[in-house]
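J.: Build the full structure now, drawing on both the sequences and the hints.
First to last, the sequence lines map onto chains A and B.
Counting from 729, one number per residue, gives the positions in the first sequence under the working numbering.
Counting from 729, one number per residue, gives the positions in the second sequence under the working numbering.
Think of the hints as simulated: they come from the structure by calculation, not from any bench.
Just to be clear, a hint being listed does not mean it is correct.
Which copy is meant is left open, because identical chains are indistinguishable; a pair holds if it fits in one copy or across any two.
[Unchecked claim] Here are the simulated lysine to aspartate or glutamate pairs, EDC-like style, with alpha carbons at most 16 Å apart:
1) K972 <-> D886
2) K800 <-> D1045
3) K889 <-> D1064
4) K889 <-> D923
5) K1087 <-> E1138
6) K734 <-> D768
7) K889 <-> E1138
8) K1145 <-> E876
9) K1145 <-> D953
10) K1087 <-> E1131
11) K873 <-> E910
12) K765 <-> E1074
13) K972 <-> E910
14) K1087 <-> E1129
15) K813 <-> D1142
Protein chains: 2
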Amino acid sequence: MNILIKNVLLDGAKTDIFIENGTILEVSPACARSADKIIDGHGKAALPSLTNGHTHAAMTLFRGFADDMPLKAWLEEKIWVLEAKLTADDVYWGARLACLEMIKNGITVFNDMYWHWEATARAVRDAKIRGFISAVFIDMFDNGKGREQIAHNRELYDLSKSYEPYVTFTFGPHAIYTVSRESLEWMRDFSAENDILIHMHLAETKSESVFSQNTYGLSPTAFLDSLGILSERYTGCHGCMLEKSDLELLARHGARLVHVPVSNLKLAVERIFPHSLVQDAGIPYCFGTDGCASNNHLDILETMKFASLLAKFCSSDPTMLPARQTFDMATQTAADIFRLGRWSIEVGASPDIILVDLKRPEFIPNFDIYSDMVYATNGSAVNTVICMGEVIMEDRIIPGEEEIMARAAEAAHDLVKR
Amino acid sequence: MNILIKNVLLDGAKTDIFIENGTILEVSPACARSADKIIDGHGKAALPSLTNGHTHAAMTLFRGFADDMPLKAWLEEKIWVLEAKLTADDVYWGARLACLEMIKNGITVFNDMYWHWEATARAVRDAKIRGFISAVFIDMFDNGKGREQIAHNRELYDLSKSYEPYVTFTFGPHAIYTVSRESLEWMRDFSAENDILIHMHLAETKSESVFSQNTYGLSPTAFLDSLGILSERYTGCHGCMLEKSDLELLARHGARLVHVPVSNLKLAVERIFPHSLVQDAGIPYCFGTDGCASNNHLDILETMKFASLLAKFCSSDPTMLPARQTFDMATQTAADIFRLGRWSIEVGASPDIILVDLKRPEFIPNFDIYSDMVYATNGSAVNTVICMGEVIMEDRIIPGEEEIMARAAEAAHDLVKR
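T.: Given below as structure tokens:
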């Protein structure tokens, strides 16, 4: 499959881009090659696609069902009650809706943790994007449950091969207060042996810190360090409560982080991700939306604006986390974390690509495309999406979207009545 | 001019809405009246339009020109240098672009403060929306300049009559550190005699507080109180540094506030608008985007999400500033501040109306339209806008938009080269 994008703006210059099987073979002002598919790039900018570093895709079904509530009541009275009733079919349509929403917002790579692993994997394969999918691993310190989860994860790991190249299996140990030491140690070993990424909530709330101190006499990060589970395969999400000593441990092991600002503000978790300290420690991080029960929008550009502005405000320094850096973190740094290689539009690289419609008021005067992407627009400006060498959205149209929206709406409304 | 909207969702129920000369005459499941203009509301929700409580419209021209800079260098080396070169024609096209962008984001009412008053007034009239327009009043404590500005404002007040009903003249004393006591006293009296609203930056930065203490021995608010300028005609914008004692003074006089969170974060002004204290003091407030040099997007729904989430986070209480309250503040409270009457979709009221496209992933499953508006979507979901009984945007198309974008882009690029 060849794609030729004609007359598109790349870093401000009009150019043609020729792509074969997902790899960019030519970037030049006038490409003479013929192609299976030609896209008119006039009035659009070409950019590498965005990554959503932390979400629970199928929670789109809960969007707007329970907002503005205290955390405990929200979880116990609303979210967990619905989750107990979820079927694989619900999760499939919820995850399809999430994939649809992410594609519309220029996201082709996402990092997921949820129930009914295979339903999410099917949704990702059918949506033709890249999902790093983990099953929620919770054993509540019960050895029997732990053994069940381990067996289940072994099966899913084997099963995941049949969902390649769309799906990559990852481990999803929920958090240090829901997973036993023994299970974490098993994941540590299996992850090292099979080179599997680990996706975990880390240092999200004060109560997590309190639990960790009371149970292990250590901060969550120091406890994980004591288990030897921190490595370049480990990605900790949220990180609001991280202290300098935690960051030193994470940096020493090459671990990575995901900043999830919108969810942290909405759930009022008391502290914000310490951008300045994380940067000083040299820890690579990207951005995540969280699931739709606590955000409620899978628009990573919106999340990036929140992150950049909070970094400035919290350090009383308007030069912090500037637009270009923010954009690069959501693209190249994210690609490094998920091992996707060079994620820029240049010959020999194989990034997914988005075309952004510049004929919108917020792109006037368009002095700086990175500033406009991070500060002035949102995901609705994404016009065309190319993932793994295939055009999956063109002129904002995604084949089958009406059915996905109808089926997901049906599943959600049925779920609350069940 | 009659408009009939058929089969639109109003608070979840399918209904017809009949509007004559801007006033709603019928809201019923099956309206039998004929109309000059019939709009198919299928798959859309009807809502009152949004207000942008604080902006500098023509600063769209500076969007993306200077981000991520220290405040002083940003102002002195970038913004003021450009502003010194601005012509009335630049301001007209910049303000036209702002109006275009605001309409696309569902805003039909905005509160402006900028140079070249008449250019902005013309833009508002040509865009057919409602502008509360002030000329920036700065005299830098120079009596001669003060007298010039007073004469100029008298002229503009008279001139403003010819721009009715689109334009309402307001006073725009820039801030307590740029306007003399004598000029403020003149505005106080002229505003009272002629019932003119006053639009002012208030308690935005620490340096403003320091100036006020050093010069007047009072906080900015206490100084304004001592002049007798606080009243229900007074609207203070930003308010980041407001203390409880200031809020008591504002409340006692019935003054109003505008919360401008995105700009405050981006410029890293050190403190955030104290929502909880303002609410306790019973002071009505709405939301503002600020100008595009410091936001950079005139999307008030985005601003509302920032405001609601910051209120929760700053008070460690996820129940603060819930979605419905946030939405009502951007519509009815704003209409109260700008004296526009009942701003809800019911018989006898004359609100401007927006139709929002629900056939988008972020509106699935649509459990709560107010939650979806504030937390899940952005201005790009606005499909149709009716202002003063006239359809000014339909299916996201606004007549003349290509010319506006082209002329504004030309003005901006020419300005930086001049």
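J.: Could you check the structure against the hints above and give me the numbers of any it violates, in ascending order?
T.: 1, 3, 7, 8, 9, 12, 13
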